[in-house]
Amino acid sequence: MTSHFNDVANSDCIMAIGTNCAENHPAAFHHIMKAKGRGAKLINVDPRYTRTTAVADLYVPLRSGTDITFIGGMIKYVIDDIEKNPDNYNLIYVTEYTNATFLVNPDYKGPAELDGVFSGWDATKKSYNKATWTYQLDENGIPRRDKTLKDPNCVFQLLKKQFARYDVDRVNKITGTPKDLFLEVCKLFSATGKPGKAGNLLYAMGATQHTYGAQNIRAYAVLQLLLGNMGIAGGGIQALRGEHNVQGSTDMALLAHILPGYLPVFSNTDKTLQDYLNRVTPKWADTRSLNWWSNTPKYIVSLLKAWYGDAATKDNDFGFNYLPKVTGNANSKHSHIALFEAMYQGIIKGFLCIGQNPAVGGPNSVLERDALHKLDWLVCVDLWETETASFWKRPGVNPADVKTEVFVLPAACHYEKEGTVTNSGRWVQWRYKGANSPGDAKPDLDIIYELGLKVKEVYQAGGPNADAITNLTWDYGHPPTADAVLREINGYDLTTGKLVNNFTALKDDGTTSCGEWVYSGCYNETGNFTQRRELDDGPYNIGLFSKWAWCWPLNRRIVYNRASVDLNGEPWDKEHPVIWWKEGKWTGDVPDGGAKPMAEGGSYAFIMCPDGHAHIFGGNVAPRTAGLADGPFPEHYEPWESPVQNMMSGTQTNPALLAGASAAEQKGTADKYPYVATTYRVVEHWQSGAMTRHLPWLCELMPEMFIEISEELANELGIKNVDKVIVESARGNIEAKALVTKRFKPFQIDGKVVHEIGMPWHWGYAGIAKGDSANVLTPHVGDANTMIPEYKAFLVNLRKA
Amino acid sequence: MADKAILYDSSKCTACRGCQVACKQWWGLEADKTEFWGTYENPRDLSADTWVKIRFNEISNGNGGVDWIFTRQSCMHCTDAACVRVCPTKALYYYPLGFVAYDKDLCSGCGYCVEFCPFDVPRAKGNDITGIRKIDKCRFCIDRITNDLEPSCVKTCPTDALIFGDRDELVAIGKQRVQELKATYPDAYLYGEKELGGLHVMYVLTQSPEVHGLPVDPQVPATAIAWQDVIQPLGYAAIGLVVAGLGLNYLVARANANKEAEVKAKVKAKE
Numbered sequence: 000m001t002s003h004f005n006d007v008a009n010s011d012c013i014m015a016i017g018t019n020c021a022e023n024h025p026a027a028f029h030h031i032m033k034a035k036g037r038g039a040k041l042i043n044v045d046p047r048y049t050r051t052t053a054v055a056d057l058y059v060p061l062r063s064g065t066d067i068t069f070i071g072g073m074i075k076y077v078i079d080d081i082e083k084n085p086d087n088y089n090l091i092y093v094t095e096y097t098n099a100t101f102l103v104n105p106d107y108k109g110p111a112e113l114d115g116v117f118s119g120w121d122a123t124k125k126s127y128n129k130a131t132w133t134y135q136l137d138e139n140g141i142p143r144r145d146k147t148l149k150d151p152n153c154v155f156q157l158l159k160k161q162f163a164r165y166d167v168d169r170v171n172k173i174t175g176t177p178k179d180l181f182l183e184v185c186k187l188f189s190a191t192g193k194p195g196k197a198g199n200l201l202y203a204m205g206a207t208q209h210t211y212g213a214q215n216i217r218a219y220a221v222l223q224l225l226l227g228n229m230g231i232a233g234g235g236i237q238a239l240r241g242e243h244n245v246q247g248s249t250d251m252a253l254l255a256h257i258l259p260g261y262l263p264v265f266s267n268t269d270k271t272l273q274d275y276l277n278r279v280t281p282k283w284a285d286t287r288s289l290n291w292w293s294n295t296p297k298y299i300v301s302l303l304k305a306w307y308g309d310a311a312t313k314d315n316d317f318g319f320n321y322l323p324k325v326t327g328n329a330n331s332k333h334s335h336i337a338l339f340e341a342m343y344q345g346i347i348k349g350f351l352c353i354g355q356n357p358a359v360g361g362p363n364s365v366l367e368r369d370a371l372h373k374l375d376w377l378v379c380v381d382l383w384e385t386e387t388a389s390f391w392k393r394p395g396v397n398p399a400d401v402k403t404e405v406f407v408l409p410a411a412c413h414y415e416k417e418g419t420v421t422n423s424g425r426w427v428q429w430r431y432k433g434a435n436s437p438g439d440a441k442p443d444l445d446i447i448y449e450l451g452l453k454v455k456e457v458y459q460a461g462g463p464n465a466d467a468i469t470n471l472t473w474d475y476g477h478p479p480t481a482d483a484v485l486r487e488i489n490g491y492d493l494t495t496g497k498l499v500n501n502f503t504a505l506k507d508d509g510t511t512s513c514g515e516w517v518y519s520g521c522y523n524e525t526g527n528f529t530q531r532r533e534l535d536d537g538p539y540n541i542g543l544f545s546k547w548a549w550c551w552p553l554n555r556r557i558v559y560n561r562a563s564v565d566l567n568g569e570p571w572d573k574e575h576p577v578i579w580w581k582e583g584k585w586t587g588d589v590p591d592g593g594a595k596p597m598a599e600g601g602s603y604a605f606i607m608c609p610d611g612h613a614h615i616f617g618g619n620v621a622p623r624t625a626g627l628a629d630g631p632f633p634e635h636y637e638p639w640e641s642p643v644q645n646m647m648s649g650t651q652t653n654p655a656l657l658a659g660a661s662a663a664e665q666k667g668t669a670d671k672y673p674y675v676a677t678t679y680r681v682v683e684h685w686q687s688g689a690m691t692r693h694l695p696w697l698c699e700l701m702p703e704m705f706i707e708i709s710e711e712l713a714n715e716l717g718i719k720n721v722d723k724v725i726v727e728s729a730r731g732n733i734e735a736k737a738l739v740t741k742r743f744k745p746f747q748i749d750g751k752v753v754h755e756i757g758m759p760w761h762w763g764y765a766g767i768a769k770g771d772s773a774n775v776l777t778p779h780v781g782d783a784n785t786m787i788p789e790y791k792a793f794l795v796n797l798r799k800a
Numbered sequence: 000m001a002d003k004a005i006l007y008d009s010s011k012c013t014a015c016r017g018c019q020v021a022c023k024q025w026w027g028l029e030a031d032k033t034e035f036w037g038t039y040e041n042p043r044d045l046s047a048d049t050w051v052k053i054r055f056n057e058i059s060n061g062n063g064g065v066d067w068i069f070t071r072q073s074c075m076h077c078t079d080a081a082c083v084r085v086c087p088t089k090a091l092y093y094y095p096l097g098f099v100a101y102d103k104d105l106c107s108g109c110g111y112c113v114e115f116c117p118f119d120v121p122r123a124k125g126n127d128i129t130g131i132r133k134i135d136k137c138r139f140c141i142d143r144i145t146n147d148l149e150p151s152c153v154k155t156c157p158t159d160a161l162i163f164g165d166r167d168e169l170v171a172i173g174k175q176r177v178q179e180l181k182a183t184y185p186d187a188y189l190y191g192e193k194e195l196g197g198l199h200v201m202y203v204l205t206q207s208p209e210v211h212g213l214p215v216d217p218q219v220p221a222t223a224i225a226w227q228d229v230i231q232p233l234g235y236a237a238i239g240l241v242v243a244g245l246g247l248n249y250l251v252a253r254a255n256a257n258k259e260a261e262v263k264a265k266v267k268a269k270e
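Sequence order for the protein chains is W and E.
Taken in order, the first sequence gives residues 0 to 800; the numbers are from numbering that gives the first Met the number 0.
Taken in order, the second sequence gives residues 0 to 270; the numbers are from numbering that gives the first Met the number 0.
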C-alpha cells in the first residue's frame with residue numbers, strides 16, 4: 000500500500016476493483032466501514048456481486064480481463080474534463096509532481112498508431128527495444144518540458160492520444176459495463192481530483208493475476224496521478240496483500256528477479272560488481288532530483304557484507320561472484336510457472352517447498368502434480384500434510400509407482416514463534432510467542448537455519464561454488480533468534496559493531512552491513528521499534544499512529560507525501576494534513592526526502608524516480624527505470640484465452656506475455672470452451688485450504704467446492720441449483736456442485752452474449768473438506784513482467800454431470 | 000441496572016460468519032455436519048451446537064439488479080419470552096440485565112421451549128449414552144458481559160454490524176440508522192424495538208421483516224400464555240386438589256379402618 004489500513008478511513012471515495020476485500024480482508028474492511036460512516040462512497044467493480052458489493056454504494060459489473068479498458072475510459076474522461084473544467088483538478092500537482100509536462104522522443108509511437116503495439120516491438124525476440132521510449136533532453140541532460148501541456152510530444156498529449164480510443168461506447172462494448180453506470184463512476188471518482196478530496200483505490204489479485212497485471216496497476220497509477228490522489232491522506236493505491244507476511248516476503252525478495260530491498264539480481268552480463276552497478280544505478284543530471292536509487296552501491300555492498308562478513312572485501316569485489324547470475328529474463332526462467340515446467344521436464348530434481356501448497360495453488364494442477372513425480376526428493380515444511388506433501392498417494396495414483404522421496408517437516412504456526420510480520424501497509428510489527436508448538440513442530444527460522452548449517456558443513460568438503468556457501472556468515476544464534484536476524488536486517492557499522500541509525504548511514508566501502516536497506520532504521524541502538532505499541536495519533540489526527548510499531552521506509556506512513564503539499568509546503572487539504580512545513584521544518588509524518596519545499600529550492604517530490612517526477616509515461620528513463628516489458632502506457636489486450644476479438648486494436652493478446660513451455664499445446668478456443676471462467680476466494684477458507692480445510696468450524700461453514708453460475712446460463716444448460724456439474728478447460732476438468740445465482744449476469748459484449756462463471760480455488764484432496772481443485776483448469780501463462788499466472792480469466796466449457 | 004442489548008445492523012453485515020465461529024470458540028461447541036445445499040449459508044439450521052448463524056437471501060431489486068440480504072438468526076432475548084413462560088424447571092429465566100439466561104443443569108428436556116418460541120430458536124440434543132436430552136441456545140455470553148467484556152460475536156464482528164451496550168442507547172442508534180437508510184431502502188425498519196415487549200437483540204433491517212425471514216409482529220403463542228397463566232396454575236390447583244383429596248381420603252380411610260377394627264374387636268369379645 001502507498002498508505003496504510005487506518006488511513007483508508009480518511010477517504011471520500013473508495014474504488015474497490017480487482018478485490019473482494021469484505022471477504023478476503025475482513026479485519027481491514029473495518030476501516031472502509033469507518034470511511035463509509037463518515038460519508039465516503041464505496042464503488043465496487045467486479046464481474047460478480049460479492050459480499051463486498053453487499054455493502055457498496057455502487058456495484059459496477061465488468062467482464063474479467065477488461066480493467067485497462069475500464070480505467071482507460073476513466074483516464075480519458077478525466078483528461079477531457081481537465082480540459083473543460085481545469086479548476087476542478089489540481090494542475091499544479093500534475094505539472095509539478097508528475098512527468099506530464101515532459102517531452103518524449105518524437106520517434107515514440109503508441110498503439111493508437113501502431114495497431115496495438117508500441118514502437119520498438121521485435122516480433123522474433125518477443126520483446127521491446129525501448130530506445131524510443133525516452134525523454135527529450137536539453138544540452139545539460141535535463142528533460143525538456145512544456146508546462147502548458149500543449150506540445151504534441153509532451154506526456155499529457157501522448158496520454159490523451161493513447162486513451163482517445165477508450166470512449167464510453169467502446170468501454171461498454173469491451174467491458175459490458177452499462178454506459179450510464181460507467182459515467183456515474185467517472186463522475187463520482189473524478190470528483191476526488193479537487194484539492195481537499197481524496198480518492199482511494201484498493202486492489203488485489205483481481206487486478207494482478209492477468210497477462211497484463213502489472214499494466215492494470217500502472218493504469219491505476221496514471222488515474223490517481225491525474226487526480227492528485229497520490230501521497231495525500233485517504234488517497235493512494237492500496238495493494239491488499241493476501242497473506243499476513245507476504246509483504247515481508249516481497250521485501251526480503253523471495254522472488255526470482257530481485258535481491259532483498261528491491262535490488263535487481265545479478266545478470267550473467269555483469270562480469271564485475273562495477274558492471275552490475277553501471278547497469279542498475281541511475282544517474283541524473285538534474286540535481287534537484289534526489290534520485291534515491293543512486294545510492295544502490297551502498298545497499299548492495301552492505302547486503303553482501305551482511306551475508307559474507309569478512310569474506311566480502313574490496314579485493315574480491317565484495318563477494319560478487321558468490322551470487323548466482325541470471326541469464327536473460329529472471330521471471331520467465333525462474334518464477335513459479337517456469338520452475339514447474341523445468342520440473343516437469345526432469346530438469347529440477349529436488350524441491351524445498353516451504354509453507355506453500357502448489358498442488359492446489361499453482362496453475363495447471365495436473366501438470367504441476369505430474370511434475371512432482373519427476374523429482375528425486377521433495378521436502379514440505381507445513382503445519383499439515385498438504386496436497387503437495389501427499390501428491391504420491393492422491394486419488395488415481397499408486398504410491399508404489401512414485402519414486403520421489405518425500406519429507407514432511409512439521410512447522411510451528413504463527414502464534415507459536417516470535418518475530419516480525421509486515422502487513423500491506425508496510426507496518427513491521429513484532430510478535431511474541433503465544434503457545435508452544437505440538438510435537439516436533441519448529442519455527443521456519445529454526446528449520447532453515449539448521450538446514451543452512453548442515454549444507455555449509457557438507458560443502459566444507461568442496462563442491463561447485465563451494466565458498467559461496469561456506470563463506471556465508473550464517474550466524475543467528477544457538478538456537479537462532481528473530482532478534483539476531485532483525486538486527487542484521489537493520490544493519491551494522493562494522494567499524495564499531497553498533498547498529499546503524501538507518502539506511503542514510505550505509506556506505507559502499509565495506510564498512511557497513513545491512514540485510515535489507517529499506518528496513519534499516521527499524522531496530523537501532525535506541526531499540527527495536529517494531530515492538531512499540533503507542534497509540535499517539537500525532538498532531539493532525541489522521542490515524543497515522545507513527546509510534547505503533549515501525550513502517551518502512553524510515554517510519555514514513557504515507558509514501559509520496561511530498562505531493563500532499565503545495566510548492567510552499569502547505570497541505571492541499573488542511574483538514575487532513577500529512578506533512579506541513581512550519582517554521583523551517585516539516586511536521587506530521589516523516590517527509591519523503593527531508594528537503595525544503597520546492598518553492599524554497601527543495602528537491603522534487605517523487606524521490607525514487609530518477610527524474611524526481613511520478614511517471615505517467617513509464618518510459619525508458621535511466622538504468623533500472625526502463626519502463627515495463629509491455630509498454631510505457633497500459634493498453635487493453637484480451638486475456639490469453641478469450642471468446643472475444645480485441646476491439647481496441649488488431650493485437651489480440653499482450654504480445655509480451657510470458658508463457659510456460661507447454662502452454663501452447665494446452666490453449667483453449669471459444670468454439671470448444673465458450674464460457675469465461677474466473678477463480679476467487681471466500682472468507683471462510685484461506686488460499687489452498689491447507690490450514691482451513693483441516694479446521695472443523697470452517698469446514699462447517701463451507702464444506703464443499705462449488706461453481707457459481709448465472710441463472711441465465713443455468714437455464715440454458717438445464718442446470719439446477721446443487722446439481723453436479725463438470726467444468727472443463729484445455730488443461731483438465733473438475734466436478735463440483737452448481738450454485739445458481741443472481742449475482743452473476745451474462746455480459747453484453749458488442750451485441751453478443753458472453754457468459755462468465757466463477758469458482759473458489761480452495762479445495763483439494765487432503766483435509767476434512769475435500770473437493771476438486773479449480774486450478775486444474777487454469778493456464779500456464781502469466782504477466783509480461785512478473786509471470787504471475789492468469790488465474791482470473793480463461794475459457795471453459797460447462798455441462799451437467 | 001440498565002438493560003443490555005445487542006444491535007445487529009444487517010446493512011453493515013458482510014456475512015463473514017466470524018460471529019458463528021467466535022460463538023463456537025468461546026463456548027467450546029462442536030461443528031455440525033454440513034453439506035453444500037445451494038447457498039453460502041451453513042449450517043442449514045440452528046442446533047444445540049449452533050447458536051447463531053447468518054441467513055443469505057438473494058432478491059431481485061427494482062433496477063434489474065440484485066440485493067444479497069443477510070440476516071442474523073439467533074435467540075432474540077425477548078422481554079416477554081415464551082420459553083420462560085413455558086419452562087417447567089425455570090432453566091430458562093430472565094437475568095436482571097434483561098436477557099433470557101439459561102441454566103442447562105436444570106433443563107428437563109421437555110421440549111416446550113422448542114415448541115413455543117415464536118422465532119423457532121431453541122434446539123434439543125440427546126446424549127446417546129445417558130439418553131438425557133437438553134436444549135441449548137445463545138446464552139448472551141453471560142460470563143463475558145458480567146466481566147465487562149462484549150459478547151463473543153460482537154467482539155469479532157469486523158464491520159461493527161454487531162454492537163453491544165445499554166438497550167435504550169442502542170434503540171436510539173438503531174432508529175437513527177433506519178432514518179439514514181430510508182433514502183436507499185424505503186422499507187428499512189428497526190426490528191425488536193417493541194416486539195414482545197422489546198427484544199434484547201434488535202435488528203436494523205433494510206427490507207421488511209418478511210423479506211428477512213422474520214415473523215411480523217411476533218406474539219407469544221396463545222397456548223403458551225394459556226399454559227403459564229391458566230393451565231399451569233390450574234394444574235397446580237389440580238395437584239393441590241389431588242393432594243388435598245388424597246389427604247382427606249387417608250383421614251377418612253384411616254377413620255374407617257379404625258372403626259372396622261373396633262367393630263371386629265367387639266365381635267371377638269362377645270365370642
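Be aware that a few hints might be false.
[Said to hold, decoys possible] Straight-line Cα separation of at most 30 angstroms, DSSO-like style, residue types lysine-lysine; simulated pairs:
(1) W/Lys83 to W/Lys178
(2) W/Lys35 to E/Lys32
(3) W/Lys40 to E/Lys174
(4) E/Lys32 to W/Lys40
(5) E/Lys32 to W/Lys186
(6) W/Lys33 to E/Lys174
(7) W/Lys741 to E/Lys32
(8) W/Lys741 to E/Lys124
(9) E/Lys154 to W/Lys33
(10) E/Lys154 to W/Lys546
(11) W/Lys799 to E/Lys32
[As the list claims (entries may be wrong)] Simulated DEER-style distance windows between Cβ atoms:
(12) W/Ala26 to E/Thr38: 22 to 32 angstroms
(13) E/Thr38 to W/Pro538: 43 to 53 angstroms
(14) W/Val454 to E/Gly164: 53 to 63 angstroms
[Stated by the list, open to error] Here are some of the chain W residues that sit facing chain E, going by a computed Cβ distance under 8 angstroms:
(15) Ala21
(16) Ala53
(17) Glu683
(18) Trp685
(19) Pro695
(20) Trp696
(21) Cys698
(22) Met701
(23) Gly750
Rather than coming from a laboratory, the hints here were simulated on the basis of the structure.
Everything numeric in this text was worked out from a predicted model, so none of it was measured.
No residue lacks a Cβ here, since even glycine has one placed at the ideal position from N, Cα and C.
Right, here's what the structure says about each hint:
1. With a C-alpha separation of about 21 angstroms, the suggested pair W/Lys83 and W/Lys178 falls inside the 30 angstroms cut-off, and the hint holds.
2. Under the criterion of a C-alpha separation no larger than 30 angstroms, the hint pairing W/Lys35 with E/Lys32 is inconsistent with the structure, at around 37 angstroms.
3. For the hint pairing W/Lys40 with E/Lys174, the CA-to-CA distance comes to about 22 angstroms; that is within 30 angstroms, so the pair holds.
4. This hinted pair does not check out: E/Lys32 and W/Lys40 have alpha carbons roughly 40 angstroms apart, beyond 30 angstroms.
5. With a CA separation close to 49 angstroms, the supplied pair E/Lys32 and W/Lys186 exceeds the 30 angstroms bound.
6. With a C-alpha separation of about 19 angstroms, the suggested pairing of W/Lys33 with E/Lys174 holds against the 30 angstroms cut-off.
7. For a cut-off of 30 angstroms, the pair hint linking W/Lys741 to E/Lys32 stands: about 27 angstroms separates their Cα positions.
8. Taking the CA atoms of W/Lys741 and E/Lys124, the gap is near 36 angstroms; set against the 30 angstroms cutoff, the hint is violated.
9. The straight-line distance between the Cα atoms of E/Lys154 and W/Lys33 is roughly 16 angstroms, inside the 30 angstroms bound, and the hint therefore holds.
10. Note on E/Lys154 and W/Lys546: the hinted pairing holds, with a Cα-Cα distance of about 25 angstroms set against a maximum of 30 angstroms.
11. Distance hint between W/Lys799 and E/Lys32 is fulfilled; the C-alpha atoms sit about 26 angstroms from each other, no more than 30 angstroms.
12. Separated by about 25 angstroms at the C-beta atoms, W/Ala26 and E/Thr38 satisfy the suggested range of 22 to 32 angstroms.
13. E/Thr38 and W/Pro538 have their C-beta atoms about 50 angstroms apart, which keeps the hinted 43 to 53 angstroms range intact.
14. Checked against the hint of 53 to 63 angstroms, the C-beta distance between W/Val454 and E/Gly164 comes to roughly 59 angstroms, which is consistent with it.
15. For W/Ala21, the shortest C-beta to C-beta distance to chain E is roughly 4 angstroms, which falls under 8 angstroms, so the interface hint holds.
16. Because the beta carbon of W/Ala53 sits about 5 angstroms from the nearest beta carbon in chain E, less than 8 angstroms, this interface hint is met.
17. Checking W/Glu683 against chain E by beta carbon gives a least distance of about 6 angstroms; that is within 8 angstroms, so the hint holds.
18. Interface hint at W/Trp685: violated, since its Cβ lies 13 angstroms from the closest Cβ of chain E, which is beyond the 8 angstroms cut-off.
19. With a cut of 8 angstroms, the hint placing W/Pro695 at the interface with chain E holds, because the nearest CB-to-CB distance is about 4 angstroms.
20. Taking 8 angstroms as the C-beta cut-off, the interface hint given for W/Trp696 holds, the closest approach to chain E being about 5 angstroms.
21. About 7 angstroms separates the beta-carbon of W/Cys698 from the nearest beta-carbon of chain E, less than 8 angstroms, and the hint is met.
22. Residue-level restraint check for W/Met701 holds (minimum Cβ-Cβ distance to chain E is 7 angstroms; threshold 8 angstroms).
23. At its closest, the beta carbon of W/Gly750 sits 18 angstroms from a beta carbon of chain E; the interface hint therefore is violated under the 8 angstroms criterion.
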